[in-house]
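Novice: Chain residues, written in single-letter form:
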Amino acid sequence: MTRDRTPRPPAEAVLALLLLLAAVPVSAHQQTGQAAGFLTGLKHPVSGLDHVLAMISVGLWGAQLGAPALWLLPVVFPMVMAFGGFLGLLGVPLPGTEIGIAISAILLGLVVAFEARPPLWVAAALVGFFGVFHGYAHGTELPAGENALLYSVGFVIATGCLHLTGIAIGLIHRWPVGRIALRTAGAVVALAGVSFLWGAVS
Amino acid sequence: MTRRPLSLLGAVAALTLLPTPAHAHLVTTGLGPLYDGISHLFLSFEDLLPVLALALLAGLNGPKAGRLALFIAPAAWLLGGLAGFASGSPLLPGTVTAASFLVLGGLTAADWRLPSSGVSALAAALGLLHGWLNGASIAEAGREALGLVGIVGAAFVLVALLAAFVVWLRPPWTRIAVRVAGSWIAAIGLLLLGWGLRTPP
Amino acid sequence: MRRTLGVVLTAALSVVLARASYAHEVRPGFLELRETSPDTYSVLWKHPAGGEVQISIAPVFPEGCSFRTPDRQQMTPGAVIVRGTLRCEGGIGGKTITIAGLEATITDVLIRLHNADGRLESHLVRPTAPSVTLGGTTTTGQRVLAYLQLGVQHILLGVDHLLFVLGLLLIVQDRWMLLKTITSFTVAHSITLAVATLGYASAPLPPLNAAIALSILFLGPEIVRVWRGETSFTIRHPWVVAFAFGLLHGFGFASGLTNMGLPPAEIPLALLLFNVGVEIGQLFFVLLILALERAFRVLEIQWPRAIELFPGYAVGSLGAYWTIQRTLMLVGGLR
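Residue numbers (our numbering), protein chains in the order written: chain X, 206 to 407; chain L, -3 to 197; chain S, 2 to 336.
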């Protein structure tokens, strides 16, 4: 038995899991009726432009700020957003949701455009505050007859992936051209936010 | 075997033999109760995600925590399952599983350092709770308790592979990825709790 | 070095042991309907028989269908074959066929309908959904999936095959040897699977099952030799043993296909995909065992001696148990 060396990557584990996943659909037809909830949840966050832009901006900003915000935001954000959804499900009134989402797009766009560097807790609070609005507005729109758990799983995964997409795009921050591109993107998001706000108010 | 197996007389009898629709939370693979149990764990997110969270959490806490979770959770799952099977009804709303999502996912997201007793207690609680619910729904659906062995075996394999994988991870960013996964599970749990507590409009 | 591998498998094996009590080979049934003239169908019904477990299933035809000729029954080793002529007013399309008793088994039934206009329909009916509504053609994709599924299922339920592979894993000393051994097992059983399915050779089921059990028993002492640090031909060249016994196991896999009495034109497709399905299942099992072994090492698990030895003893004693049981069945069958 050799314990002195560091174990190498468990490639078998990955392969075995892949095979397992490939085998699952074969026996999964019993559950297809419920799988609709998963797809709905997955599609929902991606379908609204306001939501998509705000989520990606959070990722972009995180990438601009660097560690520790870079990793703190993706860990905290899903839970804050789920908290918003939780409030929505309990029927707690939250006035001005649409306006809040539009303002969140404007503000997040602006901080990216200006590469603002507030203290970490201010950044977390700002992102968290808007996360609640997004969760409130989108976490609860489950079509009748679909599985709530699968909807939630899809919803969280899709939001998290948007967020990660933002971070991945934000990695261009290391090049000077990339910085300018990011700031331009922030300005575009802020402008889009203004138009959302216009739509929400009028 | 009868002399005339194709007799139409069988029609009525056959229709009454058709299986009643399977219980909502149980999976039928047609491969027997053992494989039903194995696929149950992989297809039922209310059991799968907390198991994943436990494995991630134990993995973050090192090999010893991984070993404890690996042996305590399946053992407790089996015990809870047999108790639930014997009782025949869950007595608990399904929403209680949200607690497993929140606690295990939240601790993983926070990268909480746990003492051995903490890991053991969490593993035992997870196993007893989910095992109890599984056992009760297997009994309610009138199916074989052998399905539990499938669920427990699958949970054992899953915890072993995933916890070892997390222990093996070295680069710092991979720890963050594990914590993000934990926060997703906690977020799902929070939404699940919301659905459970929701008052119909 | 491979001893750790032996350590690993207690959990997997206790599952195997739990199953062993009712392990039996998957033997699908086959129902063929061929439209000979409008609304008239010649019926062929094959259902497995003579295995370790009696399977009582029978098709139930829709209302408006009746037999024109009395059905003729014929016993062959491993299967009961029933033929007859069925008349259905208005055709059988859109009607439902149920396989009665299927839900109490773990057997599948393949239903094929040849319409007079050349349309071919085929359905795999399973215990979870023992009836099917006919009408419409089955796409090649659906048939491909059905055969693939049969193959995966056959290996996952074939505890004896898995136990043999496990025994090989316990004997093999390094990665290169592992690759050679598993490849030669695969090649060997693919050869006999093809030979048997194409009808060039066949092996009667009861002696075959006894021989497969014997191959598992054979590995038991070899595993003990590995523990003691001794060597033998098998330990030095496990791939030779894997190849030789692989030929035997291939005949066993073939029983999953030949009993269905597939039409000749369908055999190449079915054979290929069934084999691929078997390999997927086997590869999954091997990778799972290796991954578990690695996981146990990463988690630094110290197994008690008894558990460390358990997998080897399980291979040996289950092999012995099946050898005795199947030999007794063989002797009983000869009388």
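Be careful, since some hints might not be right.
As the list claims (entries may be wrong) - If we take Cβ atoms under 7 angstroms as the criterion, some of the chain S residues that face chain L in the derived model are:
(1) PRO39
(2) ILE107
(3) LEU300
Stated by the list, open to error - Residues from chain S that keep clear of chain L, each with C-beta distances beyond 10 angstroms, as calculated:
(4) THR134
(5) LYS181
(6) ILE192
(7) ALA204
(8) PHE234
(9) PRO265
(10) LEU270
(11) ALA292
(12) LEU293
(13) ARG295
(14) ALA296
(15) PHE297
(16) GLU301
(17) GLU309
(18) TYR314
Calculated from the structure, these hints are not laboratory results. What you are looking at is a predicted structure, and each value in this text was computed from that prediction instead of being measured. Don't be surprised by glycine CBs; every beta carbon is placed ideally from N, CA and C.
Novice: Hint by hint, note whether the structure agrees.
Specialist: These are the hints, each one checked on the structure:
1. PRO39: 21 angstroms, violated
2. ILE107: 5 angstroms, holds
3. LEU300: This interface hint holds because 5 angstroms falls under the 7 angstroms limit.
4. THR134: 14 angstroms, holds
5. LYS181: About 26 angstroms separates LYS181 (chain S) from the closest Cβ of chain L, which puts it past 10 angstroms; holds.
6. ILE192: It holds; ILE192 (chain S) is separated from chain L by about 27 angstroms at its closest Cβ, greater than 10 angstroms.
7. ALA204: 25 angstroms, holds
8. PHE234: 34 angstroms, holds
9. PRO265: About 25 angstroms separates PRO265 (chain S) from the closest Cβ of chain L, which puts it past 10 angstroms; holds.
10. LEU270: 22 angstroms, holds
11. ALA292: 6 angstroms, violated
12. LEU293: 6 angstroms, violated
13. ARG295: Incorrect as stated: the minimum Cβ-Cβ distance to chain L is 7 angstroms, not above 10 angstroms.
14. ALA296: 3 angstroms, violated
15. PHE297: Incorrect as stated: the minimum Cβ-Cβ distance to chain L is 7 angstroms, not above 10 angstroms.
16. GLU301: 5 angstroms, violated
17. GLU309: Answer for GLU309 (chain S): holds, closest chain L Cβ roughly 16 angstroms.
18. TYR314: Nearest chain L Cβ is 20 angstroms from TYR314 (chain S), so the label holds.
This entry does not satisfy hints 1, 11, 12, 13, 14, 15, 16, going by the numbered hints stated previously.
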